[in-house]
Amino acid sequence: MDAFAYTRADQPERAVRLAADPRARYIAGGTDLLNLMKDGVQRHDHLIDISALPLADVRESGGRIRLGALSRMSDVAVHQAVRRRLPVLSQALLAGASPQVRNMASLGGNLLQRTRCWYFRDPTMPCNRREPGSGCPALDGLNRWHAIVGGSDHCIAVHPSDLAVALTALDATVRTLSAEGPREIPMAGFYLPPGDTPHLETALRQGELITGIDVPVTELAAGSTYLKVRDRATFEFAVVSVAALVRLRGEEVREARLAFGGIAPRPWRSEAAEQALIGRPLNAATIEAAGAALVRDARPRAHNAFKVPLVQRALSDILGQFGRNR
Amino acid sequence: MSEEDPTRRTVIKVGAAVAAVATAAPALPDVAEAKAAVTDTARISLKVNGVTHRQELEARVTLLDALRERIGLTGTKKGCDRGECGACTVLVDGRRIKSCLTLAVMQQGREITTVEGLARGDALHPVQAAFIRNDGFQCGFCTPGQLMSAVACVHEGHTGSDDEIREWMSGNLCRCGCYPNIVASVRQAAKEMS
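Taken in order, these protein sequences are the chains called V and A. According to this note's numbering, the stretch in the first sequence is residues 1 to 326, in order. According to this note's numbering, the stretch in the second sequence is residues 1 to 194, in order.
Treat the hints as calculated values from the structure; they're not laboratory data. Ideal placement from N, C-alpha and C gives every residue a C-beta, glycine not left out. Be a bit skeptical, because a hint or two may be false.
Incomplete in silico selection of chain V near chain A, CB under 10 Å [unchecked claim]:
id : residue
1  : Y6
2  : D39
3  : A105
List time: in silico SDA-like cross-link candidates among lysine to any residue, alpha-carbon distance up to 20 Å [to be verified]:
id : chain 1 : residue 1 : chain 2 : residue 2
4  : V       : K38       : A       : E69
5  : V       : K38       : A       : C80
6  : V       : K38       : A       : D40
7  : A       : K191      : A       : R110
8  : A       : K47       : V       : A52
9  : V       : K38       : V       : L112
10 : A       : K78       : V       : D39
11 : A       : K47       : A       : I132
Just need the whole structure built from these sequences, with the hints factored in.
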């Protein structure tokens, strides 16, 4: 790891002032950033330690649960209000990483973790996300892990965060602070599609600090769940995952929100799959129709076509749970 | 041991010192405020197993390297150095973390516990005793991390079943494949510590 300067920030405003310099980078839990720096994927001259900022609380107010950006994965996962009102969020957090990493990693850092695409993580390989214009070896290379929807001819990496999938389904809002002041960014617009600029991953501007995440508390969110399919039982990234919020009246689906991980360069909300369910009975035929709608525009590559049926089966499994729990 | 016959540990220490000299610190951002506040080496104090250690360290030194190479507590192991194997697990303020994934400078003011801090004199910690009784290791390289994770796992109350123990010990890999005996060790330690 190359040497860097280090500053511990005690107030968000001061952190933002320091981060106006493009050579600076925030460090919170450090669980992804330090690996990227050790491997030479990223180099930063100046790290601004934000781990001591007073942004680690979780509270319920005004119909929302407000999560501090520096609250730890493990603390949020077991928070009573989160478990009771936002079960999908607790489940997604506990499905991620290992107990040790969950004790370290912050929610804000989790959202900003970089892709696990092995070409991105190997600085000796070309990668449009790491070095714009250098090419994408995944398109015709080892792409078993890669995207089947939402990719471009410049990048088909998948976003690795379980948390981001849950927050997308929950219609959460990211709160930030920058030199221009505070603002709110809906999850739907937080991650950018890769297009021909895959190196631009989020709507955040230089030095903009995530201060918190607001999640609406709704009846729909109370009936939510997460399913993660992995190559091994635990401590692994998703091959595919589903965050599902479904509200039934009798057999009829009144409301549904579905987001998917492991299939796209960003958390993938499928309104097409939702519309195939809403106003209809939850049965084998409508579940199959939702799965078909989900993958209608899928563009699998040489080694990841298996994800097309797999994600449909994952959706079918999770929707079946709602049927049984009725 | 003579000077012509250095121990493996002295070689590692000398190598680290040379590397530190050879790498120039980067130029600081020319923001006036940053210049005043920024340090590339820091005089820090780490409290490890109840003892305060003062060190002058570069900011890039991980907690793991500070423990092993500076403070000389080599019980904590460096396996992958990427947070994947768990050999470097220590407790910080009672919570288990991977010491390779954090900077020493970020852990000032916290209570750090390493495997050297588990026993009380000659009396082993119940988790250590359980690992011996249940043959919970073979080569032993992952064992300090397994022990620290197991202590936390028991305190967290994640020992309700063998499946629960496996899930909550999943951040620690064992290349010898001692998992069945590790699970048995944690199960027994939990029973004794309850």
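Practice item. Taking the numbered hints from earlier one at a time, note which ones the structure violates and give those numbers from smallest to largest. Key: As far as the earlier hints go, 7, 11 are violated by this structure, in ascending order.
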